Amino acid sequence: MSMSATSSAPAFQPMTVVWIAGIVLAALIPWFTGSVFHFHIAIMVCISAMATGGLAVIAWVGQLSLAHAAFAGIGAYTSVLLVTRLDVPVLLGLPAGALVAGAVAFIIGAPLLRLRGVYFVLITFALNELFRLIMLDIPEFSGGSSGIAGIPKISLFGVTLSNYQSVYPFALFCLALVMGLLVLIRRGQLGRRFAAVEENLALAESSGIPTAKTQTIAFTIGSAIAGFSGAFLAHYVGFISPETFGFQLSVSYVIMLVTGGRLALWGPLVGALFLTPLPEFLRGAVEYQHVIYGVVLIAVLRFLPRGLAGLPRQLSRKGGRG
Amino acid sequence: MNALLEISGLTKRFGGLTALSDVSFGASEGAITGLIGPNGAGKTTCFNLITGTLPATSGTIRFRGQDIGGLSPHKVVEHGLARTFQAATTFPAATVRENILRGALLRHPLGLGAMVFGGAAARDAERKARQTVDEVMEALDLTEHAHREAGTLAYGHQKRLGVAIGLATRPGLLLLDEPAAGLNPDEVDRFATMLKEIRTRFGLSVLIVEHHMRLIMRICDHIVVLDHGEKIAEGAPEAVRDDPKVIEAYLGADHAK
Amino acid sequence: MSFLIAQSLINGVILGTLYLLMAIGFTLAFGVMRIVNFAHGEFYMVGAFCALIGVTWLGLPFPVTLALTIAVAILLGALVERVVFRPFRNDELSGMIASLGLAMILQHGALILFGPDPQAFPALVSGVFKWGALIVPKSRALALGVGIVILLIFYIFLMHTRHGRALRAIVQDQEVAAVFGVRLEIMYPLGLGLGVALAAVAGGLMAPLFGVSPFIGATPLLKAFIVVILGGLGSIPGAALAAILLGLIESFTSSFVSASAADIVTFALVIVVLLVRPAGLLGRAEA
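Protein chains in written order, with the numbering used here: chain P, 1 to 322; chain L, 1001 to 1257; chain A, 2001 to 2287.
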């Protein structure tokens, strides 16, 4: 995994090195085993980690979005429609998906973000449903309930990434870009503002931080990343429908985020890495996998409030902030 | 004395309830002005109107001659009017130093690009802000706790950190909302001394809401008394203390006679 | 035309009653414990399976089955409160996320036990009531009747018993209620248990009409969600008004426009209400 963005940064904590080493090793697994199936799982991990990374940016200002799948859907449909109807290259369709999803988030962000806590969760839940219903109602664009199949594969400068082995490096590259952006945000002034808003909104505002604008920025960036991941997913899987981007997908992003660590920089990656392979390896018993998801989620909430990424820290200083 | 903050005809209605009715007063440059009154007198509402947390129903708020009514709180701070809170005074998960830095960075604004990608401008801003942080920490005797997480500090220290964050925004006028509530007598004394020190050192004016009468009488140059949303008295501490209307408001009519 | 209006009216009231059964438990969980319970629809599903097991496997009469369903549901609710929700009492967001996990466990647990295929429920009654051109199938009338009776019993419990008053006191102000001796460690499981029981009863009542499968909880959850937002989170009178309103809106829009239009309109309404009046149509604004 290309981690140059972070490894050049100073002041490394030993724990971070361990995390990065572990993640790089995990990223190499498909090449060791050579299994096509492992390549597929690794690609799915990358896509989920990107989407969850977007959700994390929103969580950094203290908001939990259940409309994340809808923004992934906006990105997916934008890219697919551009590519199939207007012959735009996929390489432009992907960022266009991010751009449109981000623009929608920017426009609707201000009124939505006045709500906080469970009220924000509820309105984003309603928005995700509204997105699904509207898309089902405009089959001439969305393909209706039968969806759009045969979506063109990703191609880079005329070379089509036709097999798993060739998609994977590009997926890793995109994930590295997203994680690089997260690292930059987290370490810069914007991340400082995000944290201030998350910890104490009223105090942040009174300290001169424009909290409404700050939240809108987080929501826009996070949702744009969701749009990018959705577009990637569409061109990788080759099929989308309004149902693809329903409530369940939003919930699975939330589960990955919470399991990995809501506020941890590496939380999204850890969560996706831990939870994405689970269904794939339990192919024969998908029901058990979801029960396990549920149990893991509740157990993490209860016993690891900082998520898996916070586990080492929690172990090293027992009884930290709950 | 120059009026730094001028409030005139300030009124706030919540539905049918009038929380503040036609209140006018001023806070002078360099002075400590006290805003007192029984519970429900409208002190906190008044604070929230001045800082832009709530929109006023009518009336004007002028700071250094400029109308700041209707501005959002983060804009009001930029004009040089900072506030502290009664409770939840800190960013609990951040260190003391980081808490104060978040206030200090107000005076070193950056574009969105520099905020994400860093660069020389961002480094310069942070370096300058850190100087303010050191100064404020020293003045409020928080230096030894610089690396503690704010949420783990003792209650008195958290309240002091709240003042430090406000101070770091380099205000002309600092609004303190019950800074002594919950402090023990020693801590109150210490706070009074500290407040007078930082006023001189930072060229500060202060508007303070407080229930602790001894503290108010000791530190204030000028006192405004609210009752049931109306101003009932204003003047020097001794004058206000002996005003029958004030005694009545606090103790009931029987005691005033 | 007037017959279509009357028919829509009756259908709307039937829908509204079902929605109200679902919504009360949802809003009670929020009012009492500040939990937005995304697992609420799964309790409807559990109730439907309880009824199925009682009637077809054990051969019990429907009223007995319904009573057993209520008992099972109250116990399940109390258990869930203890095991899943109690640790998150002062943390609305974590409680809500935990309910997402609980929903997955219940739904896919049912999938493991019963498989994905819809199961037929034997009809309890057949035939229709006819008044002129108006037609109400007897099965629907039965569900409506029993639903109303259960709502009335619940209303009497809430208004005229000690525990009912205690529950209302908690919804009003938890701290004050605790000061006046309301025992939260009893009222929390009771509140959730009753809410779960109402959802389960709704499931049991509707099972003969709509069939039973592990996936039937999603729609009732959505409806409860809509009703509770419109009525104001935690408000029972608000839920009552909104439930009947939603039933009527859906019934009339699907008679006169289309079903998908009804869905879009209601969700748009939910978003508008959340933006303009987060406390709901009847709710009081939170500080």
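Keep in mind that the hints were calculated from the coordinates and are not lab data.
Mixed in with the good hints, there may be bad ones.
No farther apart than 30 Å at their CA atoms in a straight line, the calculated lysine-lysine pairs in the DSSO-like style are these [said to hold, decoys possible]:
1) L:K1245 <-> L:K1075
2) L:K1075 <-> L:K1128
3) L:K1196 <-> P:K213
4) P:K213 <-> L:K1128
5) L:K1128 <-> L:K1196
The following label-pair restraints were derived from C-beta to C-beta distances [claimed, not checked]:
6) P:S162 <-> L:G1113: 33 to 41 Å
7) A:L2209 <-> P:L28: 50 to 58 Å
8) L:G1182 <-> A:T2219: 21 to 29 Å
9) A:V2276 <-> P:L315: 45 to 53 Å
10) A:L2060 <-> P:S35: 34 to 42 Å
11) A:S2260 <-> L:A1181: 51 to 59 Å
12) L:A1121 <-> A:V2179: 54 to 62 Å
13) A:L2124 <-> P:A202: 55 to 63 Å
14) A:V2179 <-> L:G1182: 58 to 66 Å
15) P:A202 <-> L:G1182: 17 to 25 Å
16) A:G2115 <-> L:G1111: 54 to 62 Å
17) A:V2276 <-> P:L92: 17 to 25 Å
18) P:A202 <-> A:V2276: 41 to 49 Å
19) L:L1017 <-> P:L315: 35 to 43 Å
A quick note: this is a predicted structure, and the numbers were derived from the prediction, not measured.
All residues carry an ideal CB built from backbone N, CA and C; glycine is no exception.
Each hint tested on the structure:
1. L:K1245 <-> L:K1075: Violated: K1245 (chain L) and K1075 (chain L) sit about 37 Å apart, past 30 Å.
2. L:K1075 <-> L:K1128: holds (21 Å)
3. L:K1196 <-> P:K213: violated (36 Å)
4. P:K213 <-> L:K1128: Status holds; Cα separation ~25 Å.
5. L:K1128 <-> L:K1196: Cα-Cα ~26 Å, so holds.
6. P:S162 <-> L:G1113: 33 to 41 Å: holds (38 Å)
7. A:L2209 <-> P:L28: 50 to 58 Å: Given about 55 Å between the Cβ atoms, the range holds.
8. L:G1182 <-> A:T2219: 21 to 29 Å: violated (51 Å)
9. A:V2276 <-> P:L315: 45 to 53 Å: holds (47 Å)
10. A:L2060 <-> P:S35: 34 to 42 Å: Roughly 53 Å apart at Cβ, these two residues miss the hinted range, so it is violated.
11. A:S2260 <-> L:A1181: 51 to 59 Å: Holds - the Cβ-Cβ distance for S2260 (chain A) and A1181 (chain L), about 56 Å, lies within 51 to 59 Å.
12. L:A1121 <-> A:V2179: 54 to 62 Å: For A1121 (chain L) and V2179 (chain A) the Cβ distance comes to about 55 Å; the hint holds.
13. A:L2124 <-> P:A202: 55 to 63 Å: At roughly 57 Å between Cβ atoms, A202 (chain P) and L2124 (chain A) fall inside 55 to 63 Å, so the hint holds.
14. A:V2179 <-> L:G1182: 58 to 66 Å: The hint (58 to 66 Å, Cβ to Cβ) is violated, given that V2179 (chain A) and G1182 (chain L) are roughly 21 Å apart.
15. P:A202 <-> L:G1182: 17 to 25 Å: Holds, since A202 (chain P) and G1182 (chain L) (Cβ atoms, about 18 Å apart) stay within the stated range.
16. A:G2115 <-> L:G1111: 54 to 62 Å: holds (59 Å)
17. A:V2276 <-> P:L92: 17 to 25 Å: violated (39 Å)
18. P:A202 <-> A:V2276: 41 to 49 Å: Violated, at about 23 Å.
19. L:L1017 <-> P:L315: 35 to 43 Å: For L1017 (chain L) and L315 (chain P) the Cβ distance comes to about 53 Å; the hint is violated.
When held up to the earlier numbered hints, the structure conflicts with 1, 3, 8, 10, 14, 17, 18 and 19 and fits the remainder.
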